[in-house]
Amino acid sequence: MSETARVVSQPLPVGSVGKLSGGWWGMIALIVTEASLFGYLLFTYFYLAAQSGQDWPPTGLPGLLIPGINTIILLASSAAFWAGERRIQQGGTRSSIFGFIAAIALGSAFVAIQLLEWKNKTFSINSDLYGSLYFTITGFHLCHVIIGLGVLLLLLAWTMMGYFDHKRHVAITIGGVYWHFVDVVWLFVFSALYLSPYLQRG
Amino acid sequence: MAATDAPQYRIDPPLERIPEMGRIPAGSAIEARLEKIWETAPGWRGWLSTVDHKTIGVRYLVTAFLFLVIGGIEALFLRIQLAGPDMAFLTPEQYNQLFTMHGVTMIFLYALPVLSGFSNYLWPLLLGSRDMAFPRLNALSYWIFLFAGLFMYISFPLGQAPNAGWFNYVPFSGPIYNTGPNIDVFALGMVLLGISTTVGSINFVVTLFRMRAPGMTINRVPILVWGTLTASVANLFAIPAVSLAFFLLWLDRQIGAHFFDVANNGQPLLWQHLFWIFGHPWVYVVVLPAMGIVSDALPTFCRRPLVGYTAVALATMATMLLGFGVWVHHMFATGLPTVALSIFGAASMVISIPSAVAVFAWIATIWLGKPVFKTPFLFFAGFVALFIIGGMSGVMTAAVPLDWQLNETYFIVAHLHYVLLGINVFPVVGAIYYWFPKFTGRMMSEKLGKWSFWTMFIGFNAGFFPMHIAGLLGMPRRIYTYPSRMGWDEVNLITTVGSFIFAVGVLIFLVNVVLSVKRGARAGANPWDAPTLEWAVSSPPPAYNFATIPTIASRHPLWEGRIEGEEEHSRTKLEEGYLLMRGRETLGTSPIDAKPVVILKMPEDSYTPFLVGLFVSLLFVGLLLHSWTFTALMAALSCAALSSWMWPRRKLGQRTTRHGPASAGRGGEGP
Ligand code: HEM
Ligand SMILES: [Cu+2]
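Chains as they are written, first to last, in our numbering: chain F, 1 to 202; chain B, 1 to 671.
These aren't lab readings, by the way, just hints derived from the structure by calculation. Don't take every hint at face value.
Unchecked claim - Using 30 Å as the maximum straight-line C-alpha spacing, the simulated DSS-like pairs for lysine-lysine come out as follows: (1) B/K518 / B/K447; (2) B/K370 / B/K447; (3) B/K36 / B/K595; (4) F/K19 / B/K374; (5) B/K595 / B/K518; (6) B/K595 / F/K167; (7) B/K447 / B/K374; (8) B/K651 / F/K167; (9) B/K450 / B/K370; (10) B/K36 / B/K518; (11) F/K19 / B/K651; (12) B/K595 / B/K374.
Using the sequences and the hints given, assemble the complete structure.
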């Protein structure tokens with residue numbers, strides 16, 4: 001073992017640790033491709049809206065109150081998760097559980113309100129072009145929220161089973177960034193579907 | 001502290017340790033132990049559960065070649081039908097389905113998967129790692145590819161295969177004009193295949209940034225790696241466009257949505273935008289890795305390093321970047337504003353510049369080297385020639401006025417085959433000749449090899465060059481027959497004869513493969529005296545690839561000391577390196593300069609990738625059949641399988657360990 005240059009002399013972490021883990025990088029790559037997907041969805045929306053030559057949306061301006069509240073609920077869910085994750089990093093595994101439960105509850109509330117919002121619409125996915133766009137885009141997003149909730153439930157279960165501590169909790173980091181991504185995407189969807197018509201109408 | 005974790009580490013790895021260095025002599029007891037750690041169970045269990053990138057790579061190659069043969073047979077049917085005027089060998093509808101399935105098979109089920117096969121097999125060997133970043137994801141991407149391929153052929157035996165061409169334009173592919181299951185099979189199949197391509201691409205991207213041997217800095221990775229990396233990054237941005245397009249089409253067809261429905265303000269042009277935003281980058285996705293293969297393998301036969309490594313690597317990325325800006329050149333004839341046409345036309349011309357850089361690099365490499373005329377060299381040199389012809393006809397169609405003339409004629413068919421066969425099939429076959437000894441431990445026959453090359457090369461040019469003329473004579477593409485008075489009889493007959501000669505060449509190649517697997521001469525580790533890392537390990541390589549993780553000091557580790565003008569002091573270390581054998585382990589390094597940063601725990605073989613692949617594919621079958629309960633059941637099963645996949649394991653260091661604060665490892669694992 002004589003002339004081995006560049007031998008590592010400090011210990012290296014073993015296994016999946018935070019941003020050194022493959023999973024973290026994989027999640028970032030997944031987010032890039034998912035973000036493109038939503039990018040193309042919104043491209044589709046604006047392209048068809050611009051080409052349609054009608055008043056847009058044809059059913060009149062969307063109400064902002066309930067979706068606005070819902071947006072705040074979803075953002076709060078992100079914040080709750082973030083707080084839980086911080087607690088784990090500081091070694092407070094127990095109290096992190098409350099953060100995760102709050103995140104799940106808020107996320108579920110978002111889903112419930114969104115489903116109500118769907119129910120109150122006078123159009124449907126096959127009634128007209130706007131309906132197709134509205135339900136497809138919000139549907140894509142809702143699917144992501146539901147999958148994200150599934151992930152959060154798993155993370156909660158794993159935390160309660162004592163799998164994680166301040167040194168090892170890579171699943172939390174990775175699952176968390178997905179959840180934040182889903183929430184940020186909503187801001188774009190919300191701006192496109194709910195806010196942009198107001199701008200266009202001026 | 002060494003004593004406390006020694007009996008424990010099999011279950012609870014310490015959270016950090018100093019990686020042990022050492023040598024593992026061939027045939028030693030430690031080597032046997034390493035072998036045991038990485039081996040796959042024999043029999044069907046290992047067959048369904050293996051995550052070895054080499055096995056997966058070979059599967060990709062074999063499956064893709066099967067699809068090439070199927071697509072080729074479909075093409076020969078087309079050519080029989082077109083051999084003379086007014087033939088009735090195929091009905092018009094059969095012709096439509098066959099040319100569609102030919103295009104779909106070649107473009108989606110052969111051209112990229114075959115390159116993924118090479119990359120899967122070669123990447124870890126080229127980079128000095130023991131596997132890809134996500135071995136299980138790798139298995140998943142293969143299974144879904146296989147199932148998606150079968151899916152797209154589901155309706156073929158019923159005579160209801162996709163029939164609207166590989167780019168599947170609406171409104172012809174919409175619910176009004178195309179009522180059978182044909183297009184639904186294509187649409188759902190493409191979304192399914194997109195999953196495979198996406199997870200495969202993620203795997204390549206992360207592997208590049210995490211899994212290189214120490215010292216394999218970013219400017220030392222082989223060009224094949226650059227090619228596949230570029231293609232994979234592009235896929236991350238491009239695949240969602242096509243998956244979305246097909247999904248929206250499926251909604252239009254089955255749910256009654258209106259995205260492409262003109263009567264309700266939908267826009268058929270939306271399809272073209274979404275499709276070609278994906279489609280043009282895709283053309284580079286299926287050629288850049290193949291160009292990378294040539295850039296890496298050609299120098300071996302020129303006995304000198306590639307001329308202009310940096311320029312070629314940069315050109316690879318520049319091509320892709322530009323590739324995202326030129327999709328509109330597929331829509332020159334759709335009545336877009338003139339300004340748009342000019343801009344995109346100009347961009348399409350500019351894109352030939354980086355390609356030209358690569359061509360000059362190859363020519364210079366041949367020119368300045370001492371070529372050895374083995375079979376792989378012939379294929380690579382043939383590729384350069386075809387590339388030039390295909391490139392020229394491409395530049396011609398980038399000129400907007402000329403495109404109006406040539407659009408939808410056989411000139412386009414000629415161009416696309418020169419590009420796809422020239423830049424994909426020829427390098428791929430050459431690459432099989434080149435790496436066959438690594439895959440199997442045996443050489444392929446040179447004699448049959450030369451025969452296969454010349455038959456393919458002559459047949460190809462005889463078959464496809466006349467198509468340019470047919471195009472200039474005004475013959476439209478996608479016609480199932482033509483009357484004699486058009487003056488197209490001779491060119492078509494020549495084309496058909498040439499196609500069959502080409503097919504015979506491919507057959508000779510396949511015969512050569514089959515014979516050589518059993519009876520080829522034994523190959524050593526490095527039969528071509530090649531420079532790159534994959535040739536440092538035995539042929540075929542052991543399950544763990546590298547007994548010790550090497551330390552790399554140059555672009556051509558096996559040619560060090562022979563190349564003029566290189567630095568003297570640094571030398572790659574192959575014999576001695578990181579041992580890493582407490583379970584499946586490899587080294588994670590930093591993205592740019594490849595400094596060791598983490599010891600990665602690699603997963604064991606597992607059935608979950610197969611199960612997830614199966615359930616997800618069945619979910620698509622459920623959608624196709626409108627069986628919503630079945631679909632929901634499969635979705636639930638997929639989620640269950642995925643949760644078990646993601647379940648944090650102590651063995652992989654994903655969970656907290658029992659013995660509290662980290663204990664540094666001991667160095668006593670080595671000899
Ligand atoms: C034996 C070799 C081959 C022969 C004889 C052949 C022949 C043909 C013919 C006759 C057509 C139909 C032209 C028309 O009616 O418009 C066609 C279309 C096509 N071929 Fe090939 N081909 C061969 C190999 C390949 C390969 C290797 C690829 C790709 C890697 C490929 C990709 C395509 C594509 C994308 C189309 C267009 C399909 C469409 O119009 O939708 N072909 N080929
Ligand atoms: Cu193009």
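Evaluated hints:
no.	hint	verdict
1	B/K518 / B/K447	holds (16 Å)
2	B/K370 / B/K447	holds (21 Å)
3	B/K36 / B/K595	holds (28 Å)
4	F/K19 / B/K374	violated (47 Å)
5	B/K595 / B/K518	violated (42 Å)
6	B/K595 / F/K167	holds (22 Å)
7	B/K447 / B/K374	holds (10 Å)
8	B/K651 / F/K167	holds (15 Å)
9	B/K450 / B/K370	holds (19 Å)
10	B/K36 / B/K518	holds (27 Å)
11	F/K19 / B/K651	holds (19 Å)
12	B/K595 / B/K374	violated (38 Å)
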